[in-house]
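Trainee: Chains as they are written, first to last, in our numbering: chain C, 1 to 335; chain G, 1001 to 1431.
Check the hints yourself; a few may be wrong.
[Claimed, not checked] Residues from chain G that face chain C, not an exhaustive set, calculated with beta carbons under 8 angstroms:
1) Met1001
2) Glu1130
3) Val1141
4) Pro1217
5) Leu1226
6) Arg1287
[Stated by the list, open to error] What follows is a set of in silico ranges between Cβ atoms, one per label pair, in the way DEER data are often shown:
7) G:Asp1069 x C:Pro32: 54 to 60 angstroms
8) G:Glu1063 x C:Pro42: 49 to 55 angstroms
9) G:Arg1024 x C:Thr168: 34 to 40 angstroms
10) G:Thr1067 x C:Asp234: 29 to 35 angstroms
11) C:Ile279 x G:Ser1133: 44 to 50 angstroms
Simulated from the structure, these hints should not be mistaken for lab results.
Keep in mind the model is a prediction, meaning the values are calculated, not measured.
For each residue, glycine too, the CB sits at the ideal point set by N, CA and C.
Each chain, letter by letter, is given below.
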Amino acid sequence: MVGASAVTPRGVDWRGIVGALSAAKGSLLEVPQAALDSDPAPPRLYAMASPAARFAVLAMKLALDDAGWSTDREQIGLFLGVGASGGSMTELNNMLSESMEGGHFSLARFGKQGLAACNPLFAFQLMNNFTLCHGAILAGLGGPNGAFFSRGAGTFEALGAAIDSIETGECDRALAGGADSGRHPVTLAELQRERVLDPQSGASEGAALIALIAENEQPSVFVNAWAVAPDANDEELLGECMTEAQRDAIDFIVLAPWGGGARATLERWACTVAPHARILDISLTLGDSLAASPAMAWTVALDALASEGAHRALVLGAGNDGAIGVALFSRRVAS
Amino acid sequence: MRRAVITGVGVVSPFGVGTSTFWRALREGRNAVRPIRSFDVTTFQTKIAAEVPIVHANRSWIEGHLTGDDSDLPFDRVLTDAEVSGALRDRKAAFTLLAGAEAWRAAGCGEAERNAPLVIALGLEQALLEDFSPVLRNGAVDWTDEPTLSLPRVRFRSAVDLPAQLLRALFGLKGSVIVNSSACAAGTLAVAQAAALIERGRTDVVLCGGADSMVNPLGIGGMTRLGAPSPRNQSDACRPFDTRRDGLVIGEGAAMFVLEEEERARKRNAPRLGIVAGWGSTQDAYRVTAPRPDGAAARAAMVRAIDKARISRDAIGYVNAHGTGTPLNDPAEAKAIRDTFGPHADHLPVSSIKGAIGHLMAAAGAIEIAASLLAFEADFLPGTTNHRQLDSECPIEVVGESGRSARVDWLLSNSFGFGGQNASIVLGRPQ
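Pulled out of the complex, with its shape left as it was, chain G reads as follows (with noise of 0.2 angstroms):
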């Protein structure tokens, strides 16, 4: 049977950019969350987020993370075309192309993977809000008079796939673009789909992730008045599983993988991170505006992801909770964990990395699937920053603030999205 395995990580996190540098805080214990820079916030209610520690993120910015190893790649081009467009003025679009390289360097990839398709989460468009001051008149939008050849192509605001645009463009790649829009969920979607891609016979190598980036004055506010980020403004604002927990705390950056079919990666000797062996997704049909209580569908999930890498439920020795620190998610996710795994469940690690790095969105189950890792790296499974005093509500066993090293050959990553789209991956220490 063919099996995808992870041959290459890519990250840009609220701790900077690389891999290392992701996995070092993260075993440190580390918190990302700090007042927002990136734009002024004095009037904003929300003034913190767990943002990737740069103000622009622009072309100097990028070309000073690029190594030795990235010089075959035509960045230069790419970032020139991307001055003109525009497309840096979104966020994202920085994160994914770093993470994106690092990925593709990581697995040793060059032009033997240039038809690899691409399978990409991506959050929604960035509004570039001072775009409309020149339209707007008498109170509404009204473009009649725009001027259009002499304005850059990204305005108003950017496109949805701006990003895989980006990499397929700096790759070269052949291969097709799909690009998941499922949000909280789309991280953990897209690698499962690239995992289906490979074991379906229909590709041998996928680049997959996911990308987002909502610290923008539309995406911090737009969340504030849903009532979803934590009202307190510290950096301990994300308490996950925790009896003090309020809210989310916004975050942003990229996570990519290359997935690859285990023989390919075993005869090139490619590095073997993980085997990406299950996945599940269901929809809680229930509200718009919170999460089934139950937790009975997202329990569904992460039986569908169980049964489908064909394991018992006790060979599960850790769970990514998705853990967002809300007052909702956290006990419904904790009761389906516990439905889950029955007695299992009383000596079953889980953590939240969200407490450090906030709440990635679309990008959140790729970059929880790249901490997920340590525990195949490192033999450590990250801490739950932030979570002191456990909800009698949540009746999981909750990693603690500082991580705890353990050896686990399965491990389970959950993604539930605003909506009710729940996603659950199952991974495996490579052989």
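Isolated chain C (complex conformation) (with noise of 0.2 angstroms):
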């Protein structure tokens, strides 16, 4: 890892973060508009991002500066995980209003009025691939990529495919990371009304990337091992990663879990791998951002080793499927 980059409820510098994290009481779910303000998109991306997009599109330029990359971009790989759709209230609101007949909804009004009533670019706004499009696209990043579908798990996926693109030699610099609103009102009734959301963190939001290259270009931080469990009880797949974690002391680790019961099992987890390694939980302080709180906790774990004075870190995160990511980093050369 050469870089990272952080935008979160709690700002979008992740250096100092986990200072910022451990001194902070209860969680922020949003991210501020200052924020984002921080560093304006052009205009013409409001009419056609989604809050995820936007936020990925920040994070993409705060990663990519922090890397210190800004040639040949077009060989820069990007392998993001994302999460559902995530349009504009606004739009849906003007579309359904004009739908209406009689206090139901008319197919054949939606058919005409429903449809002309909301903005032609809205299709993009739903895609949930242009979360990483509409970043590639003004980062001029045009290296392998790919969208994954993440509730928190899958970003781990992008992680490993982008550490597989790179081993591989599909190209020798990525970005991997994540971005997602839970606070999008769809998400956050879909979330209420399946019961799944965390009385002591929260849905929130956000994105995070961090900047990868290959082993011989001497990076300060190594990622040392990966997984992705679908059961997070599931020891025999993570085995090959935990025995990895286990190889030698771990004295940081980092915990994104969607809810309660997945903290037990995480804590759990953690307890197993490194009983005396210090545990910061994200989702208390920074709410659970779905698809972007693994890679959230990922710059935790990158401000643990570069500035806390960690050699090697574990970040434990898990889904509201019940999926558990594992990724391991060091400050040591990867063995």
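With the hints as a guide, bring both chains together as one complex.
Mentor: If you want it as structure tokens, here you go:
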């Protein structure tokens, strides 16, 4: 890793985030407008981009700046965990209002008046791959890429794809991360209806990315291992990664659980792997931002390694589907 | 070196259920584009699509397509749960189950394959607009008083990964579930990632593919607002690489595959339908609304795929093009093909099946891989339905409507997505 970015409810700086989160009380859930205003996107973007895409655009710019990647961007890979569609509620309200007849939705009215009432580019707000594409277009990122739907753990697949892409020579630099908004009213309604919202954390939003290069380029922080298991209790699937984690002492663990059940599972894993490590549960201060949470956790781990004196940091994330993702980072040479 | 081979295919296409139905229709040069039946399009500008030929993709329709070989799969339980949750309101859920079951059955999978990961390309949630009526107050959606427990789980919209959840339950899969959401490039990327998992030794078997349906009011309406579909509501609306092309036709369906490590497949005498030999992806990084006109990023994806397969460009004997039939895509892709292959492009057959089955969006790459396998199965290259007059801006060797008999050992399939995501994949004839 040679750089990172984090667009969170607590601002846009990943450096010092461990200290900030350790001192914080309670969780903040929404990315402050001032953070987005710090680097305004082109006005046209606002007609086409979901909130998650706008967070991703800013996160990509910040990560590229942080890594010092200003040239040859057409070769840079981009792998992103993304969430559900996130179209503007104003557009949806306009469309639905024009489609009502006698208090009921009328398909006939929708086909004409309803569709005419919405922005022609509304579909681009809905397509969740545009969470990746808007930023790639604006930043000129032309390398291998993929958008992975994520309830949390899926973002670790984006990390894995980025690592594979570098290891197989498809690209020598890549951004990996996630962007999402659990604050979108439709998503929030779904989470409330399914009773999966955690009263201790809450659904939040944001984006985060890490900048990866090949090992022979001598980065300061290494990704030693990663894994995803569809069941947080599946020790066999996580075995290899956990074995790697236990090879040497881990002194910092970042948890990004969705909900209390997942928190207990992750804490159990943490105690098993490194009972004496310092543990920071970011969902208690940043909320749970679905596809973005694991990537935020990676940046917290990076800060722990860069400025908190940690040598090896483990990130454990779990989504609301019960899947678990693991990533191990270290300041030492990768084994 | 480990390689991935395709040992099972399952297809639900606008021609109906089953791979043999799909392949037969392609060989006969049939066209599945017709007036939309699954909802009333009287007031819609776009009135045609390449629909899977069923009005309601419900439980009885699914059960009507099961075979005796499916009896060991818990369809009854999965479909009961799907009905209770409302999952079958999303058409692609049904398509995914049937395509997945066919692929699983065709590859002879069973208990030994339960640890397989699932890598699947899925399109957007299906918006269930009628659900919003009770919560629309004073011109705005308001959930404050919405009852919760009495409502089906799938409400307002289906979850993106809903079909993946159903497949996992059907097969009792224990491996990872990876959902690729890269729009029109997703199907190809999912198959490529599945092959990568096998090549890198992470697994020996993967269930992979793609499913999508935008044949619903917001899907059809939203794409029409973008100006993507042909404005002509006729069965020949999609005309890839033709001078008269004026837009795409939306299709729906699913294609699923079992990918397997080559030696494992050989040892158990599994069918070997094609080798997944190489792949590449790039981003146009150009514009939201248009592909790069110089085709440079598309070309880079093709070159990466061919280089990864460790073959020469001249070894490619057929290109299954993305070929949407839109004014901007086809010339950009043709230029990319010509720049990739040079003089070899003069005699390199290229076809697009989108004239016949429309654009399956997230599933496009997967079903086009399934179509491409005809080149190995039957020495037949699918035709380009509705292609009659080659556009001079598309200087490539386009296979005509009726297809062509040819023996090829290597082929390339392209998928280029909205937003500029490009993916290419190389398939080889199994040895």
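Trainee: Confirm or reject each hint.
Mentor: Consistency of the hints with the structure:
{"no.": "1", "hint": "Met1001", "verdict": "violated (12 angstroms)"}
{"no.": "2", "hint": "Glu1130", "verdict": "holds (5 angstroms)"}
{"no.": "3", "hint": "Val1141", "verdict": "holds (6 angstroms)"}
{"no.": "4", "hint": "Pro1217", "verdict": "holds (6 angstroms)"}
{"no.": "5", "hint": "Leu1226", "verdict": "holds (5 angstroms)"}
{"no.": "6", "hint": "Arg1287", "verdict": "holds (7 angstroms)"}
{"no.": "7", "hint": "G:Asp1069 x C:Pro32: 54 to 60 angstroms", "verdict": "holds (57 angstroms)"}
{"no.": "8", "hint": "G:Glu1063 x C:Pro42: 49 to 55 angstroms", "verdict": "holds (52 angstroms)"}
{"no.": "9", "hint": "G:Arg1024 x C:Thr168: 34 to 40 angstroms", "verdict": "holds (38 angstroms)"}
{"no.": "10", "hint": "G:Thr1067 x C:Asp234: 29 to 35 angstroms", "verdict": "holds (32 angstroms)"}
{"no.": "11", "hint": "C:Ile279 x G:Ser1133: 44 to 50 angstroms", "verdict": "holds (47 angstroms)"}
In this structure, the one hint that does not hold is number 1.
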